[in-house]
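Enquirer: If you read the sequences in order, they're chains A and B.
Numbered per the working numbering, the first sequence spans residues 1 to 309.
Numbered per the working numbering, the second sequence spans residues 1 to 274.
Everything labelled a hint here was simulated from the structure, so no lab data went into it.
Hints are not guaranteed to be accurate.
Said to hold, decoys possible - Pairs of lysine-lysine, DSS-like flavour, derived with a Cα cap of 25 Å:
(1) A:302 / B:102
(2) A:55 / B:130
(3) B:5 / A:111
(4) A:222 / B:261
(5) B:102 / A:291
(6) A:111 / B:261
(7) A:295 / B:102
(8) B:102 / A:222
(9) B:261 / A:196
(10) B:130 / A:60
(11) A:196 / A:302
(12) A:196 / B:184
To be verified - Now the in silico label distances, taken between C-beta atoms and shown as ranges:
(13) B:19 / A:307: 26 to 36 Å
(14) B:63 / A:215: 49 to 59 Å
(15) B:29 / A:29: 39 to 49 Å
(16) A:92 / B:60: 37 to 47 Å
(17) B:60 / A:63: 52 to 62 Å
(18) B:165 / A:270: 48 to 58 Å
(19) A:75 / B:138: 33 to 43 Å
(20) B:29 / A:92: 20 to 30 Å
(21) A:109 / B:48: 31 to 41 Å
(22) A:215 / B:67: 48 to 58 Å
(23) A:92 / B:48: 34 to 44 Å
(24) B:253 / A:60: 47 to 57 Å
(25) B:126 / A:215: 54 to 64 Å
As the list claims (entries may be wrong) - Only part of the chain A face toward chain B is listed, based on derived beta-carbon distances under 8 Å:
(26) 27
(27) 33
(28) 118
(29) 122
(30) 135
(31) 262
(32) 266
Note that the coordinates shown come from a computational prediction; the quantities given were computed from them, not determined experimentally.
Cβ atoms here follow ideal geometry from the backbone N, Cα and C, with glycine treated the same way.
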Amino acid sequence: MSEQNKGGKSQLNKVPFGTRVRPYLIVAPSLIITIGIMVPFVMAIWYSLTNYSFKLPTHKFVGLKNWVDMLTSTDFWNALKVSLMYGVISTAIEMLLGLGVAILLNNLNNKLSRVLRVLLVFPLMVAPVTATIVWQLMLNSSVGIVEKLFNIFGVYNFPWAASPKTALLTVIMIDVWINTAFIILLVLAGLQSLPKSPFESAKIDGGNAWFNFVNLTLPMLKPSLYIALLFRLMAALQEYAVIFALTKGGPGDTLMSLSLTAYQKGFKFQKFGAAIPFILVLWLVINVAAKRIVKLQRNAQKQAAGLED
Amino acid sequence: MKTGKQRALNILMNVLLIIYAIFALFPLVWMILISFKSDTEVFTTTFIFHPTLSNYQQVLLRSDYARYIRDSLIVSGGAVLVSIIVGVPAAYALARYNFARKEELAFQILSYKFAPEILVVLPLFMIYQKLGLYDSYIGLIWVYQLISLPLLIWVVRGYFEDISVEIEYAAQVDGYSWYQIFFKMLVPLIKPGLVSSALLAFIFAWNSFTFPLILASSKVYPVTVAITKYLGTDSAHYGQLAVAATVSAIPAMVFALCIQKHLVRGLSFGAVKG
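Bound-form chain A, shown alone (with noise of 0.2 Å):
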């Protein structure tokens, strides 16, 4: 990989100022379009010291109070369970889900799998809201056509999103239904990005479809599946709007996710600053996550390199 720094011509032992320079010139356009955003960041860390209310014209630093409400409410815990619950079973399925239906649509070169490479991706344009609200109409236990599925099978009011028993999973399954094309866009494209080389080698080595698969394909393919993973986890962590449309966090605090906490704290009750810690908890969830993933894909990447080679 160091052989790919193009300003180290080996017979330079000093690398001229314009060849060090250029790399954090063509990065530089990204990083002060978005840099902007690190204001409201650290405004929001001294926001959470304060007792900040849309209510007072003026707010007073409170110290850690805000904090030590949050980690010694059952809130907050029940919270932290129910984005992590959220989170990683549904990203967990949506990978699964998004990496066998790739796979199909690769392997079945047929008329079928041309048209359903973008029909698939649709329920992802349908705002994540109003998708909700369809899937919603759909579970109703009185006239909703799941429900008259169901009762074909023997099954009666099922109850979805009413019984805190359900409810998780009713989530999970609408979130499933618009993500797992996001993670079958990009699975597809690494597929179909995968050299053909090593497939040829293979071919005449004798390998079966499983081998080749396990030793090939997933390793060269491991790259876009941790970005994939990346992406989805760091939106599922957060989501908002499927909970918010289906039950508002109910039944009782069954879906109360941390960004739904903190979003009822912050506008319906007015208390921003005791608002903030939450999500901000949440964004160091997300922080960790990121780095572990992105650590395991830098090393997928490197790996991958060297079997393309």
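With chain A's structure known, arrange chain B on it following the hints.
Expert: Below, chain B alone, put in the same frame as chain A:
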């Protein structure tokens, strides 16, 4: 024997795909059905009902829906364009050059994706009002970079890393300029990643709700915010909502159809790795 086994596997794969397709597409069919139902029939009928175009008339003719679609197109399309222009070179630099703090920079860009929207949007509201960016196309295109840029850079970077650096050297030896190499050789190679991430970025920008809700009001009015009007406080007009959702999905669908053929590998791929 073997062909029989392969044929059985083939049928199984088709069946599995069809099962998933029903799960993925039925709710969309259902949404389109609702768009033709009157409000009274939404809860009383399943497949047999009196189709009506009144929802379409209500949404398309008696509201500014075309204008909302146009605003969404401008801000989402603009956001993806800006992301491509600044993001593809950045992805190239992050893939090709070795420089100090490279991984930290890449992670910094990634971290914009998990900057909690609620947290970002309120301070940004105050900043935008001071800068005169509140309720403007440029303001939304700018803030949408948080949605589109990280995804684009990280996906495209992986594709650049897959291309061996030798082919660039070889082309340089052949006398091609850097720009020729970039546009004629590298761009076709990263195409599957570029178009899939551009499509996803467009969809996410299109579906963005929190940013336009708080940072825009009357002059710029994207469809996601407009759709909430059909969920009035008195009664929800599901038929009109279904029309609005169906129509608002059309641009992304057209986009997906247009780029579909570019999702497959670039033509010169065989020359690179084969």
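Enquirer: Which of the listed hints are not met by the structure?
Expert: Violated hints: none at all, because every hint is consistent with the structure.
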